[in-house]
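Asks: So you can see what is in the structure, the chains are spelled out below.
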Amino acid sequence: MADRRRLDMGSVATHLVLSLGAVVMVFPFLWQALTALKSLAEVSRVPPTFLPDDWNWSSFDEVFTALPFREMLTNSVLATAGRTAGQLVFCSLAAYAFARLRFRGRDLLFGLFLSVLMVPSSLLVLPQYDIIQQFGLLNSTPALFLPGMFSAFGTFLLRQAFLALPKELEEAARIDGAGSFRIFWSIMLPLIRPALAALAVITAMTAWNDLLWPLVVNTDPETMPISAGLTSLKGQYETNYPVMMAGSLIASLPMLLVYVLLQRHFVQSVAFSGSKG
Amino acid sequence: MSLFPATAAAKAADRRVPKSAPRPASRGQRAAYGFIAPLGIGFAVFYFWPMIQTFYFSFTEFGPFGGHTWTGTDNYARVLRDVTVWQALGNTLIYCGVGLLALPLAIVVAALLNRRGLRGVAVYRALYFVPFVTLPVAVGLVWNWLYNGDFGLLNEILGWFGVDRHYWVSDPSTAVLAIGAVMVWSTTGYYLIIFMAGIKAIPRDYYEAAELDGAGPLRRFFTITLPLLSPTLFFASVICMIQSLQTFDLIYIMMGEKNPAVGDTQSVVGLFYKWAFIENAQGAAAALAFLLMLLIAGLTYLQFRLQRKWVHYG
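Just so you know, the protein sequences line up as chains A and B, in that order. All residue numbers for the first sequence refer to our numbering, where the first residue is 1 and numbers rise by one. All residue numbers for the second sequence refer to our numbering, where the first residue is 1001 and numbers rise by one.
With the rest of the complex left out, here is chain B (with noise of 0.2 Å):
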């Protein structure tokens, strides 16, 4: 990428400037605090100060006309006993799963687009990524109404192959996968973008050397491709990881409040929202968010942990 011609290069800039300055502070160190003090300000308002207030929030309990009093540990225990935390758990868990896939279709429609000579690489590119442009409030709309069970054309696609008209966002039993489905459907071509600028950086002659040695496309797929794409394919795992275990806008919009499979398809941080800003359970609601980011922070640990195991660094 012309953007950023080499992050090899930053990071020995990064090697010459020394760790620590030695001089006492001069006129060149108050103008460093200077240049960042404005964004060191925003942190400390809205998000260093907000984290220790989430934290301290998370142990007492909102009384009704503003104020707080200390509970202690009440509304982990809160959290915990609830059933609606596990299956929103669950839901989550689900979610993610199914996110993952954009993973693996990405790296196929990459590598499809990796072929040589291929004519239209940036139509195809620029098509697949407009999904993910998309508001993905009006996205949740528009496949409410592909998914609709009485006119939507979905049931009317499947109908021609015999398959029986569904109800699929209403029906708890395919609700879940059907979200899952869109959040596949709009996020592939971010990560078909990523994949394509790895496989960019794979040098073209060990490919050329395998195709000399009577290596097939699936065998250079799985030879060359696959392995020295690892690094980029753990990265990517990771921000959908991160990403999925935080899904809302869809869910929220594609099951609206009248749906019978709302609670079956809640994700966790929707019922943060229920509790934080429509039943007043702020208390609970922030033991919730807490227990969220440890989740993220012990499943990102295990894959940075996994990586070893089958990430391979050039």
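Just chain A, with the same shape it has in the complex (with noise of 0.2 Å):
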């Protein structure tokens, strides 16, 4: 008796530290919402006002009349579209010959391959914005997401999942007379859903999230993706807190509600790249 009553007390402890915890981590989330509602001369208030006042929504228009904000929330929205559609596409391509086919230097260029991730993003971008800039695609949609649908952590990542596959698969449908590329498709693809979602998630979190790139490229604001978008604000609203958290949680809402959606993917992905050491 005395026992488990000693383990309910660890367990009401245990409860009290973890919650404190996540408090610290969601509270500045409700802090966001709840001065965004509220209007600049409450948020300029000692001490603050918990709940507002009166519920104040116009800094959410002006949020929109202030930046092109449609525009680039639809500019976000195609980025991590094309980004993601790319990598899906290319990195499960290579990563099926890379696992599945032998072939004259794999081992080579695989290795060479991985070699682009130990290079940091920044030693890039200069050669990249002029690849871009010759390509003439300054200021457009495929700028965002170009040299972003290419990734090694893509391959690699794949190729782990290609690799876990029972070859008996493949002979038996080789013996039926398929060939490579339909092996690959009707049959290899659908059996690593579970890595390709894990990949889709990472990857569409990322190119959300992206800044340096697109500052870089796309300076015209109608072009610019969300997170551009929001230092511009900044630069506009420079102490209009209200309307700055309003932007602030449009902005970061939608990756929220995809991260809500498929929970699960987003754990398996950052589970998995913790299992490569």
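Watch out, some of these pointers could steer you wrong.
Some chain A residues judged to face chain B by a derived CB distance under 8 Å, without partners named [as the list claims (entries may be wrong)]:
id, residue
1, Leu20
2, Gly21
3, Ala94
4, Pro127
I should point out that these hints are in silico values taken from the structure, not numbers from a laboratory. Only a predicted model underlies this, so the values are computations on that prediction, with no experimental measurement involved. Glycine included, each C-beta is placed from N, C-alpha and C at the ideal position.
Please dock the two separately framed chains into a single complex, following the hints provided.
Replies: Okay, here's the thing in structure tokens:
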């Protein structure tokens, strides 16, 4: 009896510590939403009010009139979709060859591809900018996602998934006369769906959150994604926190929504990236 | 994890396939190159060629009307002589050091969540991960508001404990730490998931046996969890270091241009951005980027050397 009570006390203490941590993690977002709904006069009050005196939605309207926020959101969606689709296609094709086909120079090429992982992205930004400029794509949607469509991490992740599949599947199909692409497309690819989903969510998140690259290639507000758009909102509304909180809320909500819907895949992709060691 | 049933199985499969193909190019071989070609072309255009170009740029100076002239190692000399570089480097190392604090935090939370029969584990995990998913620019703005010297909530809360009002991000002596704290806050959830996956792989029997021998929770943490988690911890620390050495977003958004502490908080990548795209000093920027890569490679190598001393492979 005494032992069980001690256990329960331990549980309570654990929950207490964990909940305190959870509050620290989530409260800033609650404060963000509450601030967005207050008037500028109200947020400049000391001590601050917790709930808004009257619920004021005008900051949200102001965000959309101050900047082409609607276009920016669309740009972010397109950039995210392009980058994710590109990685799924290019990485799965290459990963399949590296995992399941034999060819001369395979290990050397794979090593070369993986070396991309080691290079900080800032090292590539200058020449990448020149290339995009030569293609005449500055201030365009493809500029946002073109280099990001090719990923060493994605190739590595999908290769691991392909390696784990049994060999017999392919052999049976090959005896039936199916070609390599057919085997890849209709047999192997459906089997690594969980890995594809994991890659898709992690890529989508990276694309949505990207800042340095968009700031460099798309300087025209109409072509900026929402991350870069928020930085110019900050420039315009240096001290108007309700407007900045409204803008940052709108900008982060789409990805949070994806997270809520596909949480399992987020967790799996992160857990995988940790099992490399 | 159900996603990758066994890395061991994958490694075994790796071994089954011969290292190099003995036969000359066949139809199957050509097909393989076809699979790789799209990614290979993309890598060549956007990664390998730019790598070579940056290396070349770092020995040249860009003219005001395009074109560039060979200047040898001038850019490197300029970078190494520049005080702002050393300051940015110092700041970056501080960010890296502070950022690494996310690891012990995440391990402690993961160990707490590992408590037998604990309810709500998935809920906690989901909540701790939210800051990592959130747009860094939005995170920066939210924390700017919390840190605000006049009306910020942080000063208000600290005021209850008698702490004086402070301008956290415009005072150079606290700005780096204030930004570093946000980095820790936003990455803890990421490492938490990595460590939870690592802890899950530790057999329950170990804990039960230790408990029968009378080992308390602290003892179990230090003699079972920590040593068996050390390979995961090693991997996480490598990732954390590489990421925080390249930090840019949070600083860029939290500092802005008018903040008096801009120079005191600038990271190496921040300085690179300024040189390359604002001050048009591309050659020096390329040299700086190259030195950053060498620094990352060097520190990663050092970590791999040191791991023998503390990482425990079961």
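Asks: Determine for every hint whether it applies to the structure shown.
Replies: Verification of the supplied hints:
At its closest, the beta carbon of Leu20/A sits 11 Å from a beta carbon of chain B; the interface hint therefore is violated under the 8 Å criterion. A distance limit of 8 Å between C-beta atoms decides the matter here; for Gly21/A the minimum to chain B is near 6 Å, and the interface restraint holds. The beta carbon of Ala94/A comes within 4 Å of a beta carbon in chain B, closer than 8 Å, and the hint placing it at the interface holds. Because the smallest distance between the Cβ of Pro127/A and any Cβ of chain B comes to about 3 Å, under 8 Å, the interface hint for this residue holds.
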